[in-house]
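Let the sequences and hints guide you as you build the complete structure.
There are 2 protein chains.
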Amino acid sequence: MAIERNEIIYDGPGGPFEGLAVRDTDWDDPRPGVMLVPNVLGPKEMDFANAERLAELGYAAFVADVYGQGNRATRADDDPARFMNALNADREMLRDRLLASLATLKTLDGIDPAKTAATGYCFGGKCVLDLARCGADISGVVSFHGVYDPPPFPNVTVMTAKILVCHGWGDPLAPPEVTVALAQELTAGGADWQIHAYGHTGHGFTDISATMPERGIAHQPDADRRSWRAMQDFLGELFA
Amino acid sequence: MAIERNEIIYDGPGGPFEGLAVRDTDWDDPRPGVMLVPNVLGPKEMDFANAERLAELGYAAFVADVYGQGNRATRADDDPARFMNALNADREMLRDRLLASLATLKTLDGIDPAKTAATGYCFGGKCVLDLARCGADISGVVSFHGVYDPPPFPNVTVMTAKILVCHGWGDPLAPPEVTVALAQELTAGGADWQIHAYGHTGHGFTDISATMPERGIAHQPDADRRSWRAMQDFLGELFA
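For the record, the sequence lines run as chains A and B.
With the UniProt record's numbering applied, the first sequence has no gaps in its numbers, which climb one by one up to 240 at the end.
With the UniProt record's numbering applied, the second sequence has no gaps in its numbers, which climb one by one up to 240 at the end.
Because the hints were derived from the structure by calculation, they are not lab data.
Any given hint might turn out to be false.
[What the hints assert, rightly or not] Chain A residues, not near chain B, derived (Cβ > 12 Å throughout):
hint: 1; residue: I9
hint: 2; residue: L99
hint: 3; residue: A100
hint: 4; residue: A191
hint: 5; residue: T201
[What the hints assert, rightly or not] Which residues of chain B face chain A? A partial, calculated answer using Cβ under 7 Å:
hint: 6; residue: L173
hint: 7; residue: P175
hint: 8; residue: T187
hint: 9; residue: Q194
hint: 10; residue: I195
hint: 11; residue: A197
hint: 12; residue: G199
hint: 13; residue: R229
hint: 14; residue: D233
hint: 15; residue: L238
Fair warning: this is a prediction, and the values are worked out from it, not measured in the lab.
Cβ coordinates follow ideal geometry from the N, Cα and C atoms, glycine included.
Structure (structure tokens):
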């Protein structure tokens with residue numbers, strides 16, 4: 001195994017953007033490409049490490065940047081959500097940046113452009129759902145503790161991307177009625193969808209740096225492990 | 001591989017009962033035991049075949065009988081639900097028969113009695129949830145298109161069995177509010193639980209003989225395959 005990281009500068013509305021391609025160069029044949037969309041903070045080492053785990057599974061991974069080169073946040077910032085909030089207020093711009101990132105994924109070395117998926121964490125979960133909602137040419141998407149409010153414009157019907165939503169039942173950002181509404185939305189969209197709900201699990205359950213249980217945001221090792229396993233099953237099925 | 005079926009006559013309230021033990025006798029060491037609780041019709045070839053699939057995975061399987069020897073139904077009967085309805089009206093009796101079946105599982109040849117789980121289909125899904133609810137000494141339970149109404153007496157707290165619920169989102173026996181209530185019940189009980197919901201999927205999704213889509217009861221190949229995979233992941237985690 002020879003995992004390699006490559007910075008990718010790419011274009012798009014409001015760009016340039018700076019993503020990271022991560023793959024095992026020992027693979028000779030093109031691999032399915034998996035785009036990873038980070039949480040509220042934007043690309044960071046946690047995402048790069050998860051991209052490496054995808055590469056170890058035999059996927060060519062790509063950490064997408066929807067904020068723009070240099071636009072990164074940390075929890076210590078006065079307003080860690082400023083880049084996210086700007087895009088939440090302009091879902092068309094978000095969609096177009098996601099589509100530019102997906103187009104970039106398909107051009108990367110070592111990727112089979114006919115076999116692509118996306119995973120996303122928190123805000124990134126909303127992003128990958130938006131890819132499915134807009135009918136992006138992608139085989140499947142996985143949301144980990146995502147955010148479920150749909151954009152203020154119509155979804156396509158039929159959503160052709162298969163969808164796996166890994167959900168903490170105690171997530172304060174998505175109480176039961178919001179999760180039920182997501183199921184109804186995806187059903188109306190004709191999507192092939194699954195929602196895996198984990199008990200006693202809040203927001204950010206995959207994030208080992210999430211330590212705010214009093215706000216419902218905390219790493220949960222069981223849900224972390226199970227959702228990663230579910231993602232593997234899902235990707236395995238997509239690219240069988 | 002040398003899969004063997006053995007009829008097991010056992011005792012319990014309202015017995016005798018007739019179950020079927022299914023295991024691969026090529027295994028020398030004791031295997032985790034998985035009890036399978038059938039749907040409304042009681043033990044039949046579909047259950048025996050699923051028990052064989054469990055045996056092929058390396059488990060020692062046991063198809064439980066909660067109706068009593070000779071009490072079997074078919075879809076062609078005037079009242080296929082008569083045995084089920086009698087037990088639905090007496091959840092204490094149902095519980096006691098389940099506990100007798102579980103105790104029998106632990107005595108079977110080739111089983112490690114410290115490692116047990118149960119899977120159940122439809123009414124059998126209710127049964128395995130009742131095992132968790134009453135605090136049975138069992139590592140985990142899997143409900144496939146189960147029925148979620150709790151018994152009219154209190155559950156234990158903490159439910160120690162881990163729980164996987166594989167659920168068709170369009171199941172007319174369990175609309176969203178019933179599924180949400182189950183999540184709340186299991187949360188209140190302190191159970192380690194997961195609910196996997198599948199879109200465009202009704203009741204009976206694992207049952208290739210289920211052909212009543214107009215009543216929301218139909219085989220769904222994707223949910224069938226995915227739930228079997230999820231069960232494998234779950235059992236693998238239980239007995240790792």
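Here is how each hint holds up against the structure:
| no. | hint | result |
| --- | --- | --- |
| 1 | I9 | 38 Å, holds |
| 2 | L99 | 24 Å, holds |
| 3 | A100 | 29 Å, holds |
| 4 | A191 | 7 Å, violated |
| 5 | T201 | 9 Å, violated |
| 6 | L173 | 17 Å, violated |
| 7 | P175 | 10 Å, violated |
| 8 | T187 | 5 Å, holds |
| 9 | Q194 | 6 Å, holds |
| 10 | I195 | 5 Å, holds |
| 11 | A197 | 5 Å, holds |
| 12 | G199 | 4 Å, holds |
| 13 | R229 | 5 Å, holds |
| 14 | D233 | 5 Å, holds |
| 15 | L238 | 12 Å, violated |
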